[in-house]
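Start from chain A and add chain B according to the hints.
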Amino acid sequence: MEKVSTITGVAVPFRRSNVDTDQIIPAVFLKRVTKTGYEDALFSAWRQDPEFILNRPEYASPRILIVGTDFGTGSSREHAVWALRDYGFAAVISPKFADIFRGNSGKQGLLAGVVDEPTVERLWAELEASPGMSATVDLIERTVTVGAITVGFEIDDYTRWRLLEGLDDIGLTLRDEQAITNFEARRESWRPTTLPAR
Amino acid sequence: MTDVTDVTDVTDVTEASATVNAGLHRPRTLAEKVWESHLVAKGANGEPDLLYIDLHLVHEVTSAQAFDGLRLAGRPVRRPDLTIATEDHNTPTLAIDKPIADPTSRKQIETLRANCAEFGVRLHSLGDIEQGIVHVVGPQLGLTMPGITVVCGDSHTSTHGAFGALAMGIGTSEVEHVLATQTLPLTPFKTMAITVEGELKPGVTAKDIILAVIAKIGTGGGQGYVLEYRGSAIRALSMDGRMTICNMSIEAGARAGMVAPDEITYAYLKGRAHAPDGAEWQTAVDYWNTLATDDDAVFDAEVFLDANELEPFVTWGTNPGQGISLSQNVPDPATMIDPNERAAAERALTYMDLTAGTPMKQIAVDVVFMGSCTNSRLDDLRAFASIINGQTKAEGVDVIVVPGSARVRLEAEAEGIDKIVEAFGAEWRFAGCSMCLGMNPDQLEPGQRCASTSNRNFEGRQGKGGRTHLVSPLVAAATAIRGTLSSVSDLIADGIAVDARFATIEGATV
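Chains A and B, in that order, give the protein sequences.
Residue 208 is where the first sequence starts when you use my numbering, and the numbers rise one by one after that.
Residue 147 is where the second sequence starts when you use my numbering, and the numbers rise one by one after that.
None of these hints come from the bench; they were simulated from the model.
Predicted model, so just to flag it, every value in this text is computed and none were measured.
Ideal Cβ positions, reconstructed from N, Cα and C, are used throughout, including at glycine.
Hints may contain errors.
[Unchecked claim] Derived coverage of chain A by chain B (criterion: at least 3 residues anywhere in the stretch with Cβ under 8 Å from a Cβ of chain B; other residues may be distant):
| # | segment |
| --- | --- |
| 1 | 240-251 |
| 2 | 369-379 |
| 3 | 389-403 |
In isolation and in its complexed conformation, chain A is listed as follows:
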């Protein structure tokens, strides 16, 4: 997983709350065999509407999603995180995330930062005044900057540490790589090996 520290890019003021994972990615896309390439699936039903915010040219290459409360509720599908990530989003800012969605985000390097509702309103207003403007999410300082506004966001220390270090569960295990290598050195030769094929 790549280290996450500062994310700068187009921020989307998405004025919706209770966006469940069925809306983020409908079940029909869960049959796929890959963990990438879900960009076409993101909000696919809503994107049928030409007026949908992500269809507007100024939000063609977004990096940050600023969205209403209770984001990511419903199904546990990690595909929801994959779809956001594949579409280009690196951070989502919301007053409240569903627990499972937030956990999945941390595993896949998607920054999920919490700000209160009045703050989201301020960020939306600032972004809507200049559609397509850039914003910055600073994980080290735990701040979001939109134009002249800089506000703090919340993220738990453990997830922040893992994101800053670029550690997924595998990355964490690989910190014990010397112990794994040492174990392998003393692994008995009678134990199974699949190669060479016999």
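Positioned in the frame of chain A, the structure of chain B alone reads:
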């Protein structure tokens, strides 16, 4: 809801165990020995332990996103030499030389092939002699052996515990973790002894033992435990029988099931392609002989079954715990005290289209499925063939026989089993998961009723609207002959001559 006699309730002896565990050189169970010998790093402050994985089995359904994850992170497979893949869930069992018709299934298979080529993982594809159900392939190659850790992205990985291995099913994220690190963070389990003493009557099999165990402890009874099957009835089983039992540990909610290795284990393993050979064989056996649970070790829970009292078992409901002796009647939910159990039974009877009080043996079936990772090995096929030999299948019943692997298929053909199956009027198929899970072309039609040697009787498991009765290969065979759920004893009552091994059943002519 069970007629298992001479059993005691599950006894929780955790407290006693904790006292024993406080000792420095405490006696240990088989599971604890295997666990401790694979510790890479001991978890501190309640964090999981990091365990080394000796053998990682891979198939097409749960591996695609894991390989994709490696690609995304730029990671290799750490130990391709401890990893092996096969194609089983999506594969057809007819016309295997043709392209797979369903595009989604075909894509999943093609993806596995591309991933294995890219990451250097050994793959046994459709058409290869070692292709087959992943839990048949590992043991037949001699890769599954005592004292090792085995994982696979499939819940029935518990099968491999029959060798005294610690074998667990894992999810796709964990598949990726094992591919990348050859380790898995795991929280220690509790241990449960399932002791089965006595001698099985003719016509009663390993499948009946495990169905009785699950009916006894329930589908959640093993949760948090590694089960160890012990006792004279277990020791008397072949490796194929032990695999049947360990396979269905997951149906009792357990993470794994194990049997201590013994001479039967060694006889099965010796000479197999990847089993230790030369001087290493003895080194390994000497070590394996130290693995059995210490005499004074204490399990966290214990369950006892009397093998002498067991009869052929069958499920009547929609989870594997809803089982009874074949000679009994469909249970009456009204007699069940636990409201949840009663409600589940009512739902199950509705789905299964059964009426309380109906003798199980009066239930007619449309299909008999002989196969799956539970019962598709040579012993299973032999047992089935020994019953149907010289008989004709019941009119209107479709019977499909699906060997667990291409190799098992060939071994069975060398014994003439394919000819017996075909003369009987049944279909002799190519290897795969087949009608166990409704993912490939072998599926029940809505409303069809099946006597199945597989492991799950969930709603729709064998195809949308399909109704499943889990049975042993012997019951499957007798049912295929009579058209209603039947045991070998029923064949004898009909005056049908049976195999010599059933000669002691009253009235038998062989």
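Evaluation of the provided hints:
Residues of the segment 240-251 of chain A lying with their CB closer than 8 Å to a CB of chain B number 4, which satisfies the three-residue condition for coverage. For a cut-off of 8 Å, the count of residues in the segment 369-379 of chain A with a CB near a CB of chain B stands at 3, and the three-residue condition holds. Under the rule that three or more residues need a Cβ within less than 8 Å of chain B, the assignment of the segment 389-403 of chain A holds, with 11 such residues.
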